[in-house]
Amino acid sequence: MALSFTLNGKPRQVEAAPSTLVSELLRDHLGLTGTHVGCDTSQCGACVVLLDGRAVKSCTLLAPALDGASVTTIEGLAKGEVLHPMQQAFHLNHGLQCGFCTAGMVMTAVALVADNPSPTEAEVRAGLEGNICRCTGYQNIVASILAGAAAMRSASDVAA
Amino acid sequence: MGKAIGIGAAPLRKEDFRFLTGRGNYVSDLKRPDMSYGVFVRSPHAHALLTGIDASAALAAPGVLAVLTGADVAADDLGGLPCGWGITDKSGEPMKEPAFPLLAQGKVRFVGDMVAFVVAETLEQAHDAAELVAVGYDALPAVVGVLDAVRDGAPLLFDDVPGNLCADWELGDRAATDLAFTRAAHVARLSLVNNRLIGNPMEPRAAVAEYNAGTGHYTLYSTSQFPHVVRFLMSALVLKVPEQKVRVVAPDVGGGFGVKQFHYGEEAVVTWAARKVGQPIKWVADRSEGFVSDRHGRDHVTEAELALDETGRFLGFRVATLANMGGYLSTFGPNIPTNLYAPLLSGVYVMPQIYCNVKVVFTNTVPVDAYRGAGRPEATFLVERMVDVAAAEMGIDRVEIRRRNMIPREAFPYQTPVLLQYDSGDPGGCLDRALVAADVAGFGARKAASARSGKFRGLGFSTYIEACGLAPSRFAGRLGARGGLYESATVRVHPTGQVTVLIGTHNHGQGHETTFAQIVSEKLGVAFEDVDIVFGDTDKVQFGMGTYGSRSLVVGGAALSKASDKVVAKGRKIAAHLLEAGEADIAFEAGVFKVAGTDRGRTFAEIAGAAYVPHNYPLEILEPGLEEQAYYDPVNFTYPGGAHICEVEVDPETGTVTIVGYTGVDDVGTVINPMIVEGQLHGGIVQGIGQALCESAVYDESSGQLLSGSFMDYCMPRADTSPHMSVATHSTLCTHTPMGVKGCGEVGTIGSPAAVINAVVDALSHLGVTHVDMPATSNRIWRVIQNAALPRAAE
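Line by line, the protein sequences give chains A and B.
Final position of the first sequence in full-length UniProt numbering is 160; the numbers increase by one with none missing.
Final position of the second sequence in full-length UniProt numbering is 795; the numbers increase by one with none missing.
Hints listed in this document are in silico derivations from the structure and should not be mistaken for laboratory results.
Don't take each hint at face value.
Straight-line C-alpha distance at most 30 Å; calculated BS3-like pairs for lysine-lysine [what the hints assert, rightly or not]:
1. B:K570 - A:K10
2. A:K79 - B:K594
3. B:K14 - B:K570
Estimated spans, in silico, between C-beta atoms of each pair [as the list claims (entries may be wrong)]:
4. B:P408 - A:S156: 50 to 60 Å
5. A:A150 - B:A448: 29 to 39 Å
6. A:V82 - B:T122: 33 to 43 Å
A virtual CB, placed ideally from N, CA and C, is assigned to each residue, including glycine.
Could you build all of it, start to finish, from the sequences and the hints given here?
Below, the structure is given as C-alpha cells:
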C-alpha cells in the first residue's frame, strides 16, 4: 500500500506491504539503520522512534500507522553536525558505551523531557522502564537525561 | 591545532558521534549486492536421535536457494567447532572432548542445537521454508542439572563419555589441606548454587558472508570479539580453506561480555553456504534464538568447607564444584570453571592450604562458556560468602575477620597456594576507603530507621581480587591453552605526523578509540585528535587475540605502548641524521626530538615528514617510512581488586530487595581515562547485581526446555531497579605491565554479587537465615522469610 508521511522533517511516499513493521520499513526499505532491533518481544526499546512526538517502539508498529504522521528517528535529531541537546548530553556524560541501545534511549529521553521538562532522577528511571541497556548500569544514562533536560530547558528559554 | 591528551585525562569519547547520530555500522545494518537470507532450523528437543530430514518441501518453496544439513557438512568433510583449551583429568587423562558438529550429526543435545540452514531470496521466504523442513526426532530422556547428570543411570549425551563427565579436575594439595582441617578449631560449611546466566548483549549475534568466485576469497562480517581467532579456527580447522583467502570483519559490535568471544557454528555455516549458493547471505539472530544459542555462563553447584583456628584465622579451604558445560565444549568452555576459578580461591586472604575439585559435566543445555568475569565471579562469590558464614558462626565481626586474614600491602608480591602470584595490591586500603565512603559507621542508625518503617536493612561486604589481562602465554600453555594469548599493535605514522593505530583487540563499548589514542598522544606527543584506532578487520590489522578477560588495555595497550616506543626509537635515528648529531644525544620530549643541551630540534611531525622524504638518507642504516609493530605477551596475570559494600532494604511483606547504597573502591592500576573506567565499573556492578537479584536461566527439568527464553521471562536489570552507585579507584601499580595498568572490564561483575547477597543475608540474619541462593528475587526472599517465621507461627 502507498504511505505518505513526514520523515525527519521531509515528506516521504513509500510503498510497503501492510504487514511491514515500522522498524523494518526504516531499516530495510529506507536505509535508516540507526534504529535498532534488540529483541522480538517489545521489551528492549532499542527501536524507539518518535511518532508525532510520542516515543513508540517501532518493532511493534505496522507501517500503515505512519500514514499522515510525522516520524523522527535518531538520524533526524541533530541539525547537520550540531547535536540535539539530548545527544550532546549523552556525549558529555558518557551515557553510551556500545551504542546499540543508544538511539532508543535518546529518543525515549527526548519524549520524556517533552512531557516532563524537569524530571527527577526517580522519574527518569521510571521513564526508562521500557529500555534495556547492558553496558552502562544506567547511571550515566540517567545523568545524561537530567543534563539533557536542563539543556533543553535553556534552549527553549533562548528560543522564547 | 589540537593538543596532546595523555594518560589520566578524561577526554570525551571519539566513538560517540557515530552512535549518537545513528551512523554506527553493525553487522545487521549491512547490505551486499544480491544478498540472500539465512535461517537456522534448530532442535525443539533437548535430547533426541535424528531419524531423518526431508528438505524437499522446503527446497520447492518460493525463493529457496539451499537447505543444508548435517549430511552436507559430512559430505564436505567440515571439521567440528574446536575447543581452545584442553584440561587434564586428575587421573592424568586428557578431558573427554566429543565432536561439536556444525550441524547435528545423528543426534541433538540441547534445545537450539542446529539441525539445518535454509537460504532464500528474502528473509520471509527463508522463515517460511524453515517451517517446511521435516525433521524426524526420536526423543530421548534429557538431563539439564549437574547433580542429575552425574547420577547413576542418568541419560548419557555421548556414548563414549561415561557419567557425562568431561573431566574430574583438581588443584591444590589435598593431603595438606586435609591435615589443616584436623587442626581446626572451627569448620564452616556452605553449599551454594552459582546461577546460570545469559549474557544478552543488546545487539543479537549476526553474520553476513560472501564468496568471490573470481579470487576464491571469503569475507565474513561477524559480531565477534576476536575476528582473527575466528579466521584462524574457521579456515584451518572447520572449513579447511586457505587462511589468507579468508577475511573476517567485526565492525561495530553492540556489546559482547564474553558472549561474542567464541567461534560459533553459525559463522562457519553462513560462510560455507555463501560459496555454495553463490550469493552473499545474511543471518541475524532473533533474540529468542540468542537465548537458546548464545553461550550461557556460570552454573555451578558447590560444597565448601573452611577451616579456622580459634582466633578466626583461615587454615584451609576445601571446595567441591560441579560445573555445567552444556551439550558440547565451546571455545573456552572447560577453562572457565577450572583455571579461571580454582586459582582465585585464596581471594585477598592468607589461605595456607586450598584443595579444589571440579567435575566438569555435560548436560542437555546450551554450551556454557565465559561471561563477564568468567570463573572469577564464581570464586569470589564462594570465598566472600564463606567468610561471612564463618564470621557469623564464630561471632566475629565481618570486617574484622577480613582484616585478620587479609594479605597486607607489604606482603605483595604474594604467592598463593593455587598457582598465582599476586604482584601488587592493597586490599586493606580499598576496604578502609570503602568503609568511609559507604558511611558504615552510620549504618546502625539507618537500620533502626528502616525497622521503624517495618523494613529489614542489611549491609554486605565483598573484598576481592581477580586475575585478568589474559594471559601470559607460557602460563596459559601449562594450563592447557592451545594458543597464545599475546596481543599486537602497529603504529602507522603518516607523512603529516598523524597516526593510525592497527590493533588486534576489539572495541565494542569499552572506549578503546579514546583510551588508546590517549596512550599514543602521551607517548608521541601528537594531538589526541590526530590519532585514529583501527580494529576488527583481518585485512587491515596484522593479528590479534581480541577482547575478553579484561585484556585489551593490559595486553593490547602494552603492545601499543611498545610499538610507540619503537616509533620514538626510529624517530631518534632520523633526528640524529637530520641534526647531524649522535643518536645517543637525541632526547625526545613533549613531541620534539632535540639535541640534548641545545635548542636544536625537530618536531615529531617534521621527523614523520622526513621519514617519507628520504633525501640523502644513510640507507644502509636507516629505512624510509615510520611505522612500527609490536607483539606483547605479559609475564603474569594482572590482579585488580577492591572492596564493595552494598546496603539493602528488604520489604518483609513482599520479599522485595532494594539496593539503597552501593560503594565500590577498586584497584585497577593506572587509570588512563577515569570517565571510561567509571563507566566500566558501573556497568560491571549492575551486571553483578543482575546475577544477585534477578537473572537466572531456568530449564524445565523433565523436558529440557529453556523457560527463561525471552526478556519477558529472563529478568534483565532496568533503570528503575538499578541503584545509584558510588565508585572510586584506589590504585597500586601493576609491576609488570608497561604503564602499570591492571584492567577494569570485569571487576564490577566479580566484586558485586557477594556484596549484594551478603547484605541480603545480613538483613535477614535476625530470622536465623545464614544463606540465600541467587537470584534473591522477591518470591525467593518472601519464601525464606515465611519459612523462617514458621516455628514462631506454630507456637
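Now for the hints, and whether the structure bears them out:
1. B:K570 - A:K10: violated, 54 Å
2. A:K79 - B:K594: violated, 46 Å
3. B:K14 - B:K570: holds, 28 Å
4. B:P408 - A:S156: 50 to 60 Å: Holds - the Cβ-Cβ distance for P408 of chain B and S156 of chain A, about 58 Å, lies within 50 to 60 Å.
5. A:A150 - B:A448: 29 to 39 Å: holds, 37 Å
6. A:V82 - B:T122: 33 to 43 Å: Holds: the Cβ-Cβ distance is about 39 Å, inside 33 to 43 Å.
Hints 1, 2, counting from the list given before, are not met by this structure.
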